[in-house]
Each structure stands twice: as structure tokens, then as C-alpha cells.
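Asks: Model the placement of chain A on the given structure of chain Y, informed by the hints.
Listed here are the chains, written in short residue letters.
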Amino acid sequence: MQIFFDSLISALKIIGGGDKELWLIVFLSLRCTFWACLFASVIGLPTAFFLAHNDFPGKRLIILFFNTLQSVPTVVVGLFLYVFISRRGIFGPLDILYSPVAISIGQFFLILPLMVMFIISALSRLDERYHQTALTLGASGRQAAMLVIRESRFAVVAALCAAFGRGVAEVGVSMMLGGNIKGYTRTMTTAMALEYDKGEFTLAVALGLVLLLVSFLLNGALSFFQGRIER
Amino acid sequence: MSRDLYLLKNIKRIFGQREVLSIDSLSVEPELIYGLMGPNGSGKTTLLKILAFLDEPNAGSVYFENREVTRRSMAALRSKVVWSPQFPVMFTGSLRYNIEYPMRIRGVEAVRRRRRSAELLARVGLSDLAEAPARRLSGGEAQRASLARALAAEAKVLLLDEPTANVDASARRGLVKLIEELWREQRLSIIITTHDQSLEAELCQKRIYLSDGRLASINETTTHQAVLFQRDGRFFLSLPPEAGPVNGVFAIEAIAALNKSEARLKLRSEDHRLINVRIEGEAGLSTARRLTLSEPVYVEK
Numbered sequence: 001m002q003i004f005f006d007s008l009i010s011a012l013k014i015i016g017g018g019d020k021e022l023w024l025i026v027f028l029s030l031r032c033t034f035w036a037c038l039f040a041s042v043i044g045l046p047t048a049f050f051l052a053h054n055d056f057p058g059k060r061l062i063i064l065f066f067n068t069l070q071s072v073p074t075v076v077v078g079l080f081l082y083v084f085i086s087r088r089g090i091f092g093p094l095d096i097l098y099s100p101v102a103i104s105i106g107q108f109f110l111i112l113p114l115m116v117m118f119i120i121s122a123l124s125r126l127d128e129r130y131h132q133t134a135l136t137l138g139a140s141g142r143q144a145a146m147l148v149i150r151e152s153r154f155a156v157v158a159a160l161c162a163a164f165g166r167g168v169a170e171v172g173v174s175m176m177l178g179g180n181i182k183g184y185t186r187t188m189t190t191a192m193a194l195e196y197d198k199g200e201f202t203l204a205v206a207l208g209l210v211l212l213l214v215s216f217l218l219n220g221a222l223s224f225f226q227g228r229i230e231r
Numbered sequence: 001m002s003r004d005l006y007l008l009k010n011i012k013r014i015f016g017q018r019e020v021l022s023i024d025s026l027s028v029e030p031e032l033i034y035g036l037m038g039p040n041g042s043g044k045t046t047l048l049k050i051l052a053f054l055d056e057p058n059a060g061s062v063y064f065e066n067r068e069v070t071r072r073s074m075a076a077l078r079s080k081v082v083w084s085p086q087f088p089v090m091f092t093g094s095l096r097y098n099i100e101y102p103m104r105i106r107g108v109e110a111v112r113r114r115r116r117s118a119e120l121l122a123r124v125g126l127s128d129l130a131e132a133p134a135r136r137l138s139g140g141e142a143q144r145a146s147l148a149r150a151l152a153a154e155a156k157v158l159l160l161d162e163p164t165a166n167v168d169a170s171a172r173r174g175l176v177k178l179i180e181e182l183w184r185e186q187r188l189s190i191i192i193t194t195h196d197q198s199l200e201a202e203l204c205q206k207r208i209y210l211s212d213g214r215l216a217s218i219n220e221t222t223t224h225q226a227v228l229f230q231r232d233g234r235f236f237l238s239l240p241p242e243a244g245p246v247n248g249v250f251a252i253e254a255i256a257a258l259n260k261s262e263a264r265l266k267l268r269s270e271d272h273r274l275i276n277v278r279i280e281g282e283a284g285l286s287t288a289r290r291l292t293l294s295e296p297v298y299v300e301k
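Protein sequences appear in the order of chains Y and A.
The numbering used here applies: residue 1 is where the first sequence begins, and numbers increase by one.
The numbering used here applies: residue 1 is where the second sequence begins, and numbers increase by one.
If we strip away everything but chain A, and leave its shape as in the complex, we get:
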């Protein structure tokens, strides 16, 4: 038996006369981070709401953990999946009240609620704001709070709609790191919709690309430690043997997390393989800083 987290078969979502989503088949594996990509209006949010069991397709079947989702089972399944919109909704009240909400509705006793919310707030770095009005949090703080609240709900699947769209650069770095850490610690399955290619390059192992409500492609990304260097005015990439046979020229899809000690690149080979490259050290960085998105990278022969 396959171990799909989700399996979608022949689903269609129609609003009025307009078909906004039509997917013949899509499987999502557990405990991975997926990037859900596509231009505006391509059906990303609609798909995310179907995966969150907040909406249902007009036709087709959705399977979750190998069981077909029915209207009756949707309510029970929601407790395993938490959807966080682009601007996370914070309820009126303190941040602590918001973190405790999922536990309160499950009937968790006050002492345990208080202890768990303190742990989670510490984990996402918001302990100081526990008693602050949640609706006055900044974009980055609200995203962190939303992650803590999802963990309070004991979610196994996080569906994050544009998590970095509303945060500044420094908050973004912290948020990306936090998502990655939580994914590792909690063995979560995460699906992120984003237009931010560098976010997708940094976090996602797989990518689902939607176009006009249809599945355009699913790509797998691998990460390798590599050396980027410059010779005769060209950029060359030295890949480790485990990267397998890679030939030709790479297109640079994204450069991310440029800082003093680290840079990450997302490269696409001629055979459409996607490779994340992590470059460390000052020499590599000074080279990487001079890269632009249009420059090709040659594989060292």
C-alpha cells in the first residue's frame, strides 16, 4: 500500500461557471516540505483549502492517509491539518489566548494549557509578547504565532499560504529557519504556497506547479554541498559525486539567504532537474554575490 498523505483523483472545483481547479491525479508524500507554485489565479489557494478540508471539490475524490474524505469525515480530519492564510487571523485577546484556543476547544485543563502555551511561545521566540494583544502583532510575529497555534492544535500537516509575503527581510530569515526546524523536530508535512522562489529553494524538497488550475509539473529538489568558482569570467560549479551525472549548463532559478557565511542557490539543469546548492565561506560568497539571476553556471568537467 502506498503511503501517500494525500491522493487527489480527477478533482474539479467550479465557482459559478468557472472551473478554477482541475487535477487528474496528485499524490503528496508525508513528512516532506512541498512548494505549491503558480501565478496568481492558478488555483493554489483553492487547492490549499481543499487539502485543509475547508472546501470540497465539485467532482472527484480526495484521499487522506489512504482513506477517502467524505463530507462527514471532513470535520474530524480538520484537527490533523492546520491552514494558515497569508495574513494569519489572530483572534481578539492576548497572544496567549490565541495559542491556547485549540487546546481550550479540546477541553485541555487550564494548567496544562498555560504550560504548553508557554513552551510554544518560547519555541517560536514570542514569550515576551504572551500577554500582548494578538491583533497588534507584526506580520512576522503573526506568522510565528500562527505556527505556535498550529502546534498547539497538534497538527501533523501545515498548509502555509504565502508565509513570507507580509514580513520584512530579517523576520523572513528567522521565519524560514523556524519552519525548517519545526519540520525536523515535529516530523511535520508542510505545503507552502509562495511566489518567493528563494523561499521555495531554501525549504522545499518537492514542488507542485499549477497553471490555470491544472497541474503543470511536480519537481523534486536535491541539496548538495558544492563549490562555486569563477574561471575565465565564467561561473563553474563543482558538484560532489553523489549528485550523479549532471551535464551542461545550469540556469540559476534563485539565490537566497545571502549573508556573511552562507548562500544558497537553486539551479535547474538542462534535463530540468532542480538542485539546491549551499555555498559556504567568504570566497564562495564573494563570488555568489556577483551572480545575477540570468547568469548560467557551468558544471566543472
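Chain Y with its partners taken away, still in its complex shape:
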């Protein structure tokens, strides 16, 4: 137990002291996950809306596909993407392997199914009459979709938070596609794994605390947002 408290005190000192390496890792992690979330939202929201509001042959298969992808281990996603973006892969000439871009792409594929399924669930729970009322008041298909998303915004934000949480906390994709290069692709989770391997718990605990803080802030923002909606 002593080792835990020693590490905790040292970690708090590092966090409070503005350790450059620590904050570089934190900001890189947040940046990679931010871009992954942004692109997953851009693709995921309309996809989820389309799937929730349309019936067509093969819809259930697509939903089953997204459902399956939700539970795929991160290393499997990393492995598949590695095949595509490695030097001999189809996207090899882009030279993005072991870069923050590769981490964001990996996290995008990790987050997208989660986001689509969460949002489908949220939109399906919303009364169909919201969509119909918007249409009958003269809204275009896009305007009606925006209204439905606005009305489901708490659930949509919850999906975003869950997706961000999954992205920022994963190890497999960041390790396999980022390579854990110090000062370039070292994220919070890969750094923690490395420090643990080295037996250096101080930085690992500090990063763990920051991860907890990120999670706390996300949930706090969500609660605040929910409170505003309920008012």
C-alpha cells in the first residue's frame, strides 16, 4: 500500500508542477481522440439517422455489423488497419503509420460503431411524431433530421462522451498504429503501459489520475447539460 501512496504523492507533485512530458502526452491523447470523435460524429450522426428512420432490405444486417464491431478488441482493429497503412499496404504511400494521424484513424473505427448504435438507440426512443411534425411544418429532410437530433441531444451528447471515453482509454490501436514514440505518438495509455513495464509507477499513476479527471469532467459536463435540458 505504501508504494501506492508514495506514487500518488509523487504523481500529484508532477501534475501540480506542470511536468512538460506529462502534459505533452495528455494533450496528444486528447487531440487524437478529439479528431477521431469529430470525424465519427460527422459520419455517425447521418448514418444513425438514416438507419433509424428508414426501412430497406439489409438494414438489420448493417445494424448487426455495427453491433458486432462494438465488441471487437482494440488490437484486432489495430491489426486490420496496420495491414492497410503499413508500408506494403494499400495506403502505405501515405506514410501515416506510427503517427498521430494513424492513432486517430484507428480510434475513429473503434468509436464509429459505438456512436452509431448509441445514436440509433437514442433516435428510436424519440417519438416519431417529432420528425413528422417538423416535416408537416415545412421542414426539409435535413431540417427535420436536425430537429430530431436537437430533441435527442442529451442522448447524442452521452454517446459522444461514451465514444470519447472509449477512444481516450484504449491501448491496442495507439500502441500498434502509433508505436508509442516518445514526444510524438506516446499517449496516456501507452505511456502508462510502458511505465508499468519499467516499474516506474509515478508517471503511470499521474497519467491515471489525469484520465480519471478527464472522465470526471466529461460526466460533469454531461450532468450539467442534462440539468439544463430538464429545466
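Keep in mind that the hints were calculated from the coordinates and are not lab data.
Take the hints with a grain of salt, since some may be wrong.
Derived coverage of chain Y by chain A (criterion: at least 3 residues anywhere in the stretch with Cβ under 8 Å from a Cβ of chain A; other residues may be distant) [to be verified]:
1) 123 to 131
2) 140 to 151
Okay, derived cross-link-like pairs now, EDC-like style, lysine to aspartate or glutamate, Cα gap no bigger than 20 Å in a straight line [said to hold, decoys possible]:
3) K80(A) to D24(A)
4) K49(A) to D55(Y)
5) K49(A) to D24(A)
6) K156(A) to E180(A)
7) K12(A) to D212(A)
8) K80(A) to E31(A)
9) K49(A) to D95(Y)
10) K49(A) to D127(Y)
11) K20(Y) to E200(Y)
If you anchor each label on the Cβ, the simulated ranges turn out as follows [unchecked claim]:
12) A59(A) to N54(Y): 20 to 26 Å
13) F56(Y) to F87(A): 28 to 34 Å
14) A132(A) to R60(Y): 40 to 46 Å
15) P240(A) to M146(Y): 54 to 60 Å
These figures come from a predicted structure and were not determined experimentally.
Cβ atoms here follow ideal geometry from the backbone N, Cα and C, with glycine treated the same way.
Replies: Showing chain A alone in chain Y's frame:
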């Protein structure tokens, strides 16, 4: 050329294996108030959604203002027709936001939106609630708000699904009056689905009756000032000459709007004509109050 607002020909709506609507021919005239009647499951709401261009039949043709409605034209036509469900959907935000929504999506500038929404809220008697959360309105207030929002959308046709089902008696009276006034002022065409026979008696000039998804009948209703009186324990009706030749006994279909100065009755003659009768004055009312729905009314010879 006929001036039908809607013309439906051989339409069928099928959900799964079940045919919920099958109408060979139905025409709806403009600028009238229609009552769409029928028991639960008779296809009223399905028909209303087809008329609102929110649903399309599996077979047959729908004409609106003499033009055939296609999947491509449906979106553009929706702006002329506003459907209001039994429990009107209010979007998150203030009542004013809800009234301004149809104008906002049309790109009306903020100043004009604000002015028009204030006018409409005043018109439906909800000015005081402009900044109140729209989702917390009572049933009657939500119905009024829904009417104001439809006017903000510049609708020419209102499709009201059970507008009085969720409102108390006093709110109902105000709502019926408001619908009638808006119809007169705006020259709207209104179709109301309802189980409330007195609402239909008060408001509707024509009635479409559905049964098992099929058109059972279309009836026209006329309103006359009449005198109702009691003689030898029987109720008699004295109709004006313009009511035409009416014989026999009337069945009372509905009594509505009983208050201190006015009562309305809907009567059906033996030849199935429907007549709205408005009775004014204390004497008539004291008589009318004692009427029950099962009592016949005799025409004065």
C-alpha cells in the same frame, strides 16, 4: 374543372398483410370544415397522414388542388398542409421558439419572426406564455399553440387529429370557438378526426364516416335557427322555411355547448339529413337541458 381540394381514387394502404384503408373515391372541397368520424381502428389517422403527405398509399392516386401527388411533389406540398396530432408535439424550448420554428426554417428574418409570433400568440390567447417552456403547456394550451404554429407555417389546410380529446370542458369551449374563428378569418380548409359528436355538430359542415378502413358515408350538415318547445310531454321543433321540407321524427345525435344563453343540437331526420339547430334564450335552454340523447324531436306540423 372541379375545385376539389383533395381527390382520392382507389387508394389502398396496407401494413404487413393488413389492409387498413381502402377508399374507391373521395373528394374533399376547399374552405370547409370536415369531420372525419369512425370507430377506433377505422383508418382515420392513416387517412389523415396520407392527406398530410406524411404517408403514401400502396395503390391508387391522390390529387391535391387537381394535381396528382407524387413522391417527388410530396415534400413541397407539405408546406400547404399542417397535421396536428392528438397530443401536439412541442419542441424543446420556449413557446415562442415553437411558433417561430416554421418561419425559421423558411429563412424569415428574426425581426419579422418575432413580430409574427407575437401576433399569433395574441390571436390564440397565449401571449403571457411566450417565454414559457413549450413542453410544459397544458393540453388545451398545446392545442392552441399548435394552431398558432400551423398559421405561422402559412398552412391552407389544417388536419386536426382529435383536437379536444386531451382538454377540459372550459378549454374545449375556447378551442372550438378559436377553430371556428380561424376558419372564418383565414379561409382555411379543416379536417378534424374526432369521437366527440358534439364537436362535430358544432364545427363541421360535412362529415366523412369511415368503417373498417372503408368509406361508409359522407353527410352534409346544415345549420338553422330553430325553436324547440315542449307540448304535451313531447319535444317539437319549429324550423324556418329555408330548412326545406322536413318530415317525421328527428333523432338527437348530439347536444353541445350548453351554457346560459345558447345550446346546439345535432339532429338526424328520417331521411338521414343532418341538421344543426341553435337554440337561444332561457326558455329554449331550460327545455334543452332536459333533453337526453335518446329522446326524439317532432317537427311542428
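Asks: All hints, please: hold or fail.
Replies: Each hint tested on the structure:
1. Counting residues of the stretch 123 to 131 of chain Y whose CB lies closer than 8 Å to any CB of chain A gives 3, so the stated coverage by that chain holds, three being the minimum.
2. For a cut-off of 8 Å, the count of residues in the stretch 140 to 151 of chain Y with a CB near a CB of chain A stands at 6, and the three-residue condition holds.
3. With a C-alpha separation of about 25 Å, the suggested pairing of K80(A) with D24(A) is violated against the 20 Å cut-off.
4. Among the hinted pairs, K49(A) with D55(Y) is consistent with the structure: their alpha-carbon atoms are about 18 Å apart, no more than 20 Å.
5. Our distance criterion of 20 Å between C-alpha atoms is met by K49(A) and D24(A), whose separation comes to about 18 Å.
6. This hinted pair checks out: K156(A) and E180(A) have alpha carbons roughly 14 Å apart, not beyond 20 Å.
7. At most 20 Å may separate the alpha-carbon atoms for a hinted pair to count; K12(A) and D212(A) meet this at roughly 12 Å.
8. For a cut-off of 20 Å, the pair hint linking K80(A) to E31(A) stands: about 13 Å separates their Cα positions.
9. Of the supplied pair hints, the one linking K49(A) and D95(Y) is violated, its CA atoms being roughly 55 Å apart against a limit of 20 Å.
10. Taken as a hint, the K49(A) and D127(Y) pair is honoured in the structure, with Cα atoms around 16 Å apart against an allowance of 20 Å.
11. Between the alpha carbons of K20(Y) and E200(Y) the distance comes to roughly 17 Å, so the proposed pair stays at or under 20 Å and holds.
12. Between A59(A) and N54(Y), the C-beta spacing of about 22 Å keeps the proposed range 20 to 26 Å intact.
13. A hinted range of 28 to 34 Å holds for the C-beta pair F56(Y) and F87(A), which are about 30 Å apart.
14. At about 43 Å, the CB distance of A132(A) to R60(Y) agrees with the hint of 40 to 46 Å.
15. With their beta carbons about 56 Å apart, P240(A) and M146(Y) fall inside the hinted range of 54 to 60 Å.
In summary, the structure is inconsistent with hints 3, 9 from the numbered list given earlier, while agreeing with the others.
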